[in-house]
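Q: Read top to bottom, the protein sequences are chains A and B.
Position one of the first sequence corresponds to residue 211 (this note's numbering), numbered consecutively onward.
Position one of the second sequence corresponds to residue 910 (this note's numbering), numbered consecutively onward.
Since the hints were derived computationally from the structure, they do not count as laboratory data.
Nothing here was measured: the structure is a model prediction, and the numbers come from that model.
Any given hint might turn out to be false.
Computed from the model, here is a short list of chain A residues facing chain B with C-beta under 10 Å [to be verified]: (1) Gly-220; (2) Ile-222; (3) Cys-224; (4) Gly-226; (5) Pro-227; (6) Leu-228; (7) Leu-259; (8) Pro-283; (9) Lys-287; (10) Met-303; (11) Glu-366.
The beta carbon of each residue, even a glycine, is placed where N, CA and C say it ideally should be.
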Amino acid sequence: MDNPVIQLKGLIKCYGPLKAVDDLNLTIKRGEIFGLLGPNGAGKTTTILMMLGLTEPSSGTAMVCGHNATTNPIAVKKKVGYMPDSVGFYDSMTALENLIYIGRLNGIPEDQVKERSLEVMETVGLSASASKKTSTFSRGMKQRLGLADVLIKQPEVIILDEPTLGIDPSGVKEFLTLIRQLSRQQGLTVLLSSHHLHQVQQVCDRVGIFVEGKMLVEGDINQLSRNLFTHGAYVVSVTIKDRITIPWEHQGELQQLGEVQKISITDNVIEISCHQDITPTIVRFFVNKGLDVMGVQKKEYGLDDIYQKYFENNLTEHDTNGKSGRILQKSLFKK
Amino acid sequence: MESLAVFSKSLSSKNNSRRTISAPFNVMVGKEIADHIQSWRFIVLLILIGLTFLGAMYVSSSNLRAALLNTQDPDRLYLYLKLLTTTDGSLPPFHVFLSFLGPLLGISLGVDAINSEQNNGTLTRLMAQPVYRDNLLLSKFVSSLVVVSYLFVSLTLLMIGTGLFVMGVPIEAEEVLRIFSFVFLSIIYVGFWLGLSILLSIKFRQTATSALTAIGIWLFFTVFYQIVMNLAVKAFLPDPQYLSQLDILSYNEIVLNLMRLAPSQLYTDATTTMLMPSVRSLGPVTMEQMAGAIPSPLPYKESMMIVWPQVTGLLAATVFCFALSYYIFMRREIRC
């Protein structure tokens, strides 16, 4: 039971000079729902393709269900159901025929294949449209059929690439609930990639944030935000009546307040990041200095900020000079 | 006891089901054939080829009497071969028609084999199933060839059957052999174009690009290749007036061999020899060589010997295209 279902070791994929996936190490245990998060072009799809042996890694190994995906893809594909980000079906065939075809390819006996297809369509809630041509299907229905396609082979692992792309919010919720339910009932391991943290957060046990081919961080969402809090959990922004001239005379003093970590000034707004919630102290400080405080706002870190924060960190890491990073940050804030 | 019965029942059902599992490859071929038969493209081509066949048969059957009475012709006794080749000049015979319709058939069946799957997003889905990657290519190729073979064989059988019914002359074994060799050659010829168009469909992502390229290659070989060769011959070969008889012959041989680089030339050479038993050589023959020859049809084996290089060439070209497709496709990244 202990052995991991998916184990990626030092996976690298280069397209010419570009490193799409850079030394990726990832372990996913049985029965887990793992969310691979990252912006477009981060290398999520490439990683998934390597797990299925649809593309060869430049170096490193991808072991899935104990088989090497590069050298023994058939054994992997028998156990893994994969739904690509843009699922396509044969338009000239009905949904049921499409499904039966995939069922047959997976070696389901002829006398059971139709029965099983109908069963799976029932599971994903498409039994009413079984005899419709797939060309008439909406995006959401296609996604569902894609899931049916994955389930018909009774996989051990499901890999979903951007499963929520292009579905309306209620559809997304339903879809994700369905995935979670299936995973819990049948003990399936699920790997899903997405760039929507909110959606992934609803279902995933664990997420990994993946930017420019590198896994920046992995863990459950609470752990991620805790990581973030060490950098600066609370941000208080104070708006003052007059425009502040830089350098600000009180900056040094404010910095002395102990918990304050970072101060950034834009026009008449001062943003103060601190380790603990010291809003009252800050307000008192401003009042004592005789500044006209127009508003005080405490910023809460949402999931988007977690996401943003990691990408931002990644951006500043790229700058060898810290100053240029700050300028970049400033210009971002201006927007 | 009951549980035992249930057990044995489940066991037997398992055995039954094991027998009816079909290999993925067969499933794929079946699906491809169904796709071809239902596609408009194939129906249009079927009608086109059916009409040419009927037209050619009509012309040849109305001129059959004259051809059979022509005592100068050593082939006149091969009634069914005559049926395939006789013409009064208003329409070319069927095998000549086929030399330029065959490519069209092959191209239209194979031109969107891989890239349409890719554009529809079905390729990734298909490749995520436990199916060997080459099975997809092979199933595309085999299914098209099966369809083409059925088409040609049934046309030929219809022709023979109608001939038997109308004329009442029994067909000879040699004629059967020759006609089926002709069918076999036609299938290989279509197979070559099929292989080429599948190769192009892997190479190019857009169906339109691969179709235009395939048609471009076909036009080049049917129209421009001869023109280019004629120009080249005029430009590079010395004036025949200053050459000896032997030199002219050897140059002629070179030109003919260059012409044979075009698959349509190979096909025409091979089918002509097969369908006209009196053809003894595909190149020029000197008077000395002709001296002792009796103007009579050659036996099947001899005709086969004459066209063997052509058959090999066609097969090699087909295999080459297909092997190249394999090479490109097998290690390619599947992504939509």
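Q: Each hint: holds or not?
A: Now the hints, each set against the structure:
1. For Gly-220(A), the interface hint is violated, the least distance from its beta-carbon to any beta-carbon of chain B being 20 Å, above 10 Å.
2. Taking 10 Å as the C-beta cut-off, the interface hint given for Ile-222(A) is violated, the closest approach to chain B being about 15 Å.
3. For Cys-224(A), the shortest C-beta to C-beta distance to chain B is roughly 12 Å, which exceeds 10 Å, and the interface hint is violated.
4. With 10 Å as the threshold, the beta carbon of Gly-226(A) stays out of range of chain B, its nearest partner Cβ sitting at about 13 Å, so the hint is violated.
5. Because the beta carbon of Pro-227(A) sits about 17 Å from the nearest beta carbon in chain B, more than 10 Å, this interface hint is broken.
6. Interface hint status for Leu-228(A): violated, as the beta-carbon distance to the closest one in chain B is roughly 14 Å, over 10 Å.
7. The closest approach between the C-beta of Leu-259(A) and any C-beta of chain B is roughly 6 Å, which is under the 10 Å cut-off, so the hint is satisfied.
8. This hint holds: Pro-283(A) has a C-beta 8 Å from the nearest C-beta of chain B, less than the 10 Å allowed.
9. Here the hint on Lys-287(A) is kept, as its CB sits about 4 Å from the closest CB of chain B, short of 10 Å.
10. This hint holds: Met-303(A) has a C-beta 9 Å from the nearest C-beta of chain B, less than the 10 Å allowed.
11. A hinted interface residue such as Glu-366(A) counts as satisfied when its beta carbon comes closer than 10 Å to some beta carbon of chain B; here the least separation is about 13 Å, so the hint is violated.
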